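Engineer: Next come the chains, spelled out residue by residue.
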Amino acid sequence: MTSSETLLQVRNLKKYYPIRGGVFGRKIGEVKAVDDVSFAVKKGETLGIVGESGCGKSTTGRSILRLEEPTAGEVEFEGADLTKLSGEEMRRMRRELQMVFQDPFASLNPRQTAGSIIEEPLIVHGLGDAKERKEKVKELLSVVGLDSYHAGRYPHQFSGGQRQRIGIARALAVNPKLIVADEPVSALDVSIQSQVLNLLEDLQETYDLTYLFIAHDLSVVRHISDRVGVMYLGRMVELADRDELYEHPIHPYTRALLSAVPVPDPDAKRERIILTGDVPSPTNSPKGCAFHTRCPHVMDICREKRPEFKDQGSGHFAACHLTEA
Amino acid sequence: MANTLLEISELKMHFHTDKGVVKAVDGVDITVREGEIVGLVGESGCGKSVTSLSVMGLVPQPPGKIAGGSIKFNGKELTTLSAKELQKLRGNEMAMIFQEPMTSLNPVFTIGNQMVEAIRLHKKEVSKQEARALALEALKSVGIARDGVLDEYPHQLSGGMRQRVMIAMAMVCNPKLLIADEPTTALDVTIQAQILDLMRKLNKETNTAILMITHDLGVVAELCERVIVMYAGQVVEEADVRTLFKNPKHPYTAGLLKSIPQLDQRRKRLYSIPGNVPNPRNMPKGCRFAPRCEFAMEVCREKEPELSPIEKNHISRCWLHSEQKEEADRDIVGNTASSS
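Quick mapping for you: the protein sequence lines, in order, are chains W and Z. With our numbering applied, the first sequence corresponds to residues 1 to 325, in that order. With our numbering applied, the second sequence corresponds to residues 1001 to 1340, in that order.
If you're looking for bench data, these hints aren't it; they were derived computationally from the structure. Small disclaimer: the values here were computed from a predicted structure and weren't measured. Where a beta carbon is used, it is the ideal one built from N, C-alpha and C, also for glycine. Some hints could be false.
As the list claims (entries may be wrong) - Covered stretches of chain W (in silico footprint by chain Z; criterion: 3 or more residues with CB under 8 Å from a CB of chain Z, positions within the stretch not fixed):
(1) 215-223
(2) 260-268
Stated by the list, open to error - Below, computed lysine to aspartate or glutamate pairings styled on DMTMM-like, alpha-carbon distance capped at 25 Å:
(3) Z:Lys-1268 / W:Asp-202
(4) W:Lys-138 / W:Glu-205
(5) W:Lys-269 / Z:Glu-1225
(6) Z:Lys-1268 / W:Asp-208
(7) Z:Lys-1176 / Z:Glu-1225
(8) Z:Lys-1258 / W:Glu-183
(9) Z:Lys-1268 / W:Glu-247
Make the full structure from the sequences, and use the hints.
Structural biologist: Right, dumping it as structure tokens:
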């Protein structure tokens, strides 16, 4: 059940990567991967973040867990600002926040058995003795739909879907409150994808989990999320309840994005908004609104002033000058 | 009806490995008519890419081996052609674009360099200047209007632009058939929409037939007229796009369609096909989908169903609606009766 209690509050999160050049390796520019992003995740909900490649959605997820050190901003989790914690404090805090990665082939150590992969977080956080841990591993394997004999196998002996289940079991091992799932199903086939999505939903119900679900597939995000945020070029451009966002998108980028998704129905009516050009480089993001170079409704003010990301009524946030006109 | 352009019948492409024979493509029939857009869908490992590579003669042999069947292109048998004769066909008559536009372009040569090379390979009489002009024209037709592109390197272009360059290269000799292997999978949705639009436009203008290989049923619904569904190295269903989406007959196709989350659907539990794709070295007896099929009957585990027509232009490989079922049933009942 979704409550109104906020579990995670992200305020003005920024992650800039320096570009160095010249003989002395001085800083000659910045990649603004995440550029002033704010949002809140409520307890028990799934917040989906969508966007195209390079929009900063993964960096946002990784900065929250401090797998990337944020440049500026606050990440408040249960009252504590994660960005101010020391390394050791953060390490302990990760019991509460876990991550599931995209590539089930790259995120599991090929030299470790499934059992020892799942057991590792328990050892790191000093939970239980050897016997209890073995029990826990067995339990986790069955929770994610694998058998206990799988514990002795190595990652290459599993299919992609099964590997992703191991990654999920590893994240669940320490009973976290929040799981950041970065493209957890995009490497999987459709029939396997639906198995993993159903598993994630079941686990959320059983363990009262909160998800930050990062993906580029709009249909998947609509399926699993309660609220959805859309990112473009390091910025959050729109955020609203799922149905509100998909049925009444405000931001021209969201509209174009939604209209571009191929619908698996040959009779579906298509009013496609085809955007011209490519996403600008984040090293040199446009002045004003980041989307103005491709926006079909661009006005003079869009080229000058960055629109504010604000509530347009009943929790529907958007950053667009059109809403003021 | 337009003439048949490509006719693959009973194609078997097997790979001989240390651990045994992998029957990647095992008896596949596909027909593509002139000017048609046909979709070939299936999950990873179903043999869709190997099928298309076999047509182009791009499967290294060994380890690959054509164990049977024929590929006819424009009436000409391809499986017996020499490498040189195939080389002549490739690029001129049929062309292919791939999923990864980065790996298909050579990073150390400029776009112009690579395009000119390709053009002059196929059109011997063309001079360098003329080839450059042709390349520029081809790039314009795929929506790259910038002149400078010819002197740029692949890394200077975005993924969408690189795929456009690939399409321009493939289309430069006006092939009759374009095989597109997951051309939009690596691209973002807004760029995918641009590329699909472009392919539709080229098909209309040049009447090039397209064999579109993809795992994305959304792309199929948008672009294709006819759809072929593959599973574990075989064709399991074929129909025109509307019939296939509205009235799928094979349980695999139906399951696949039910398991995609749809954009305009409210949240409810997704259907999922249980289990995994079978190991190609160890295919199940009988129907290959039977271990995952909710309608599996006794006959399905015993005998392999044939690809048989259900209605006009709609074929499926399933015992559920096959006329031969009763016959096969009788055989099995007879066998069990005699053995008991």
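Engineer: Each of the hints needs a verdict: does it hold here or not?
Structural biologist: Tested hints:
| no. | hint | in the structure |
| --- | --- | --- |
| 1 | 215-223 | holds (count 6) |
| 2 | 260-268 | holds (count 9) |
| 3 | Z:Lys-1268 / W:Asp-202 | holds, 12 Å |
| 4 | W:Lys-138 / W:Glu-205 | holds, 20 Å |
| 5 | W:Lys-269 / Z:Glu-1225 | holds, 16 Å |
| 6 | Z:Lys-1268 / W:Asp-208 | holds, 18 Å |
| 7 | Z:Lys-1176 / Z:Glu-1225 | holds, 17 Å |
| 8 | Z:Lys-1258 / W:Glu-183 | holds, 21 Å |
| 9 | Z:Lys-1268 / W:Glu-247 | holds, 17 Å |
Of the numbered hints listed earlier, not one is contradicted by the structure.
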